[in-house]
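Undergrad: Chains E and G, in that order, give the protein sequences. For the first sequence, position 235 (counting from the first letter as 1) is numbered 235 according to the numbering used here, and the numbering increases by one without interruption. For the second sequence, position 176 (counting from the first letter as 1) is numbered 176 according to the numbering used here, and the numbering increases by one without interruption.
There could be a bad hint or two in this list.
[To be verified] The list that follows gives simulated cross-link-like pairs (lysine-lysine, DSS-like), each with its CA atoms no further than 27 Å apart:
#: 1; chain 1: G; residue 1: K98; chain 2: E; residue 2: K393
#: 2; chain 1: G; residue 1: K108; chain 2: G; residue 2: K98
#: 3; chain 1: G; residue 1: K54; chain 2: G; residue 2: K24
#: 4; chain 1: E; residue 1: K121; chain 2: E; residue 2: K44
#: 5; chain 1: E; residue 1: K427; chain 2: G; residue 2: K98
#: 6; chain 1: G; residue 1: K190; chain 2: G; residue 2: K54
Since the hints were made in silico from the structure, they are not lab data.
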Amino acid sequence: MARSTVAVISSMFLVGLLLGPLIFLINFSGLSLSLSISDIAAIKFTFVQAAYSATLSTVLAIPVAKALLRQKFWGKSFVVLILGAPFILPVIVAVLGLILVFGNNGIVNNFLNLIGLDSIKIYGFWGVILAHVFFNLPLAIRILLQAFNDMPGEQYRLVSSLKLSSAQKFLVLEWPVLKKVCPGVWAVIFAICLSSFAVALTLGGGPKATTVELAIYQAFFYDLDFSKAAQLALIQIVLVFSVVFASQFIVKPKTVFGLDIKISNQNPSNFQKIMDTSVIIVTLLFIFIPILVIFFYGFANVFFLPFSVFKAAILSIQIAILSSFLSVFLGLCLTTNMGEMFGSLGIAISPIVMGAGTFLMLKNFGNPYLLAVPVTAIVNALVSLPFVIRILKPSAVEIRTEFENLSLSIGLTGIFWVWWVYLRRLKRQIGFSLGVASALSMGDLGVIVLFGSGEIATLPLKIYQLMGSYRVDEALASALLLSLLAFGSFAFFDKLGRIL
Amino acid sequence: MIRFEDVIIKIVDFQLAVNMTLPKGFTSVVGQSGAGKSTLLSSLSGHRALTSGKIFVDETRIDLLPSNKRPCSIIFQDFNLFPHLSIVQNLNLVCGNKFFVSESSREKIKKVLEKVGIVELIDRLPSEMSGGQQSRAALARVLLQRNPILLLDEPFSALGPNQKSELIDLVDSLSKEQDISVLLITHDPKDVRQIAGHCIVVKDQTVLGPFETSEALDEDGPLKGYL
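Same shape as in the complex, but just chain E (with noise of 0.2 Å):
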């Protein structure tokens, strides 16, 4: 079968897995056309939360990237690499984490009450852009870098051979970089906090602090109200697809092109090396402290947990092996450019939609509830699906221009050429997606809160649950418990891509 034949069967086969729980949840409900205040105070913060932390992500990371690219330092390409730690840690530690920062109890109020200072409030709109700012500033960083880090080492040459002002410097070099690259950061991290349903459940909530995404969950689960859920989730289908349509026309390709000359670029000052070190101090210690603190205090318990965490422990694995497997069998059978476009819509259609369509669904046939596990899953695999092409895609055509013509010349064709060519020169990338997917599915805590109860829990939604019951102790623990796994599994696969 030709890979294009491959790529529509793929992609109607995705089109039908996002679009059809929509469309049935719309039919169920019948669609009225009405917004309330609340609608219009959801839609209002999601832009206004999402537009707040793209800014913030997008200016912070600028001294980042920066300082990153001027000092040399031991250990230099593990800050980098550990940068990307935020991205596959599960939101849930991560909250629990900065709660224990910033929260009323946390480190930084006590310091704050210590010196005679009133306390900052985690809980509503600055805990959403904060645990946003915290998810989204090592992406943004690192973005920024690779740009910086792309520029000719000519260009460098030549400036520092002019004898120009910092300020003449900055215009010259640094201007054009910042103006061709932010705006693509910026709309990239705002197309992702209009998504955002676990920060916001979690720090959010209330009617000054809830995301279309979150209204869709409360007009579900607690109201009831299929249609309003149904409108409210084309309401974020339009409004992430303009995003994403939009970001084509921002996103910019690079066309600075130089030798690749090699040079040492920078020549900082000492202050420069001073203010450098501190903000990249500050930096990690803002992504990391939170993350170190959930190690702290879940330690001393992880051991003592009850049987009912263990469960959802298994529960969250088995669920991530499904998910992440499917994720990449489709994303292998996506890696052509239509491919990668029907693959993308996973970001723009919410998954509490895709999971209240499939309750619905589902719920004509029997009891919903017994497939809790393969509807998560499955939505779990379209939700880390685009991120699984991007992985793959480039290598993947990369694969198939170097190799057409031998394959074709002696006839390897169809599944003996996925067998022999694709498959095993695609490891590493294979072994890297499945690592990345099975610890976003592992920490992914969104349609199981459709699907889960006393029972039926993994344990993102275990821990949510130890919060709200007030059990600290075990939700730290669990949630330390969690990020092992998320961490692990990420680990192992991509291991056994580099080892096989």
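Let chain E serve as the given structure and place chain G on it in line with the hints.
TA: For chain G alone, coordinates are given in the frame of chain E:
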């Protein structure tokens, strides 16, 4: 016998016209860079579609067949072996069972590797072999394919003169042994002289020949100025 009948191949503003019949045996393909030598071979192997015309091999029309159904094997300048597969796995791709290397396939592969002189390298990866050894492995695969036509798109150009000469001799003897017609693209006069046979010249968007190699190499022959 290979017959090109009113063949036209257009690529953007480049066009190649071919109308000729090639006899069995060894044929050198000569012409300046960009003249269309590789295009000619690609059209025969099915990697490049014809704009018009027909190609016959022994009265069987082949230009409508997909590349893997054509009676041609091809060795390129590079990328002749999959770098992540051992030699036995590479060669097994043209044997019966395509998922695993069976014992019978291994024996078959051993025999052809003996013919090309690298049987001891059967389990090596291409990266663990020299350029000449890799070319021999690619040649062994051609023998397994058992196609009546072998197309050589400058496969030995990166090798030293001695290695190249050895390999051309090997191709010559094996092709005679297995009754394979060979088309070899080359820029080296030594290659053309080394093999008694025919040659064709790709020039001014058309293909001239075939000529007897000995005549073509004469002072006033058609190869003057190309070698």
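Undergrad: Looking at the structure, which of the earlier hints fail to hold?
TA: Failing hint: just 6.
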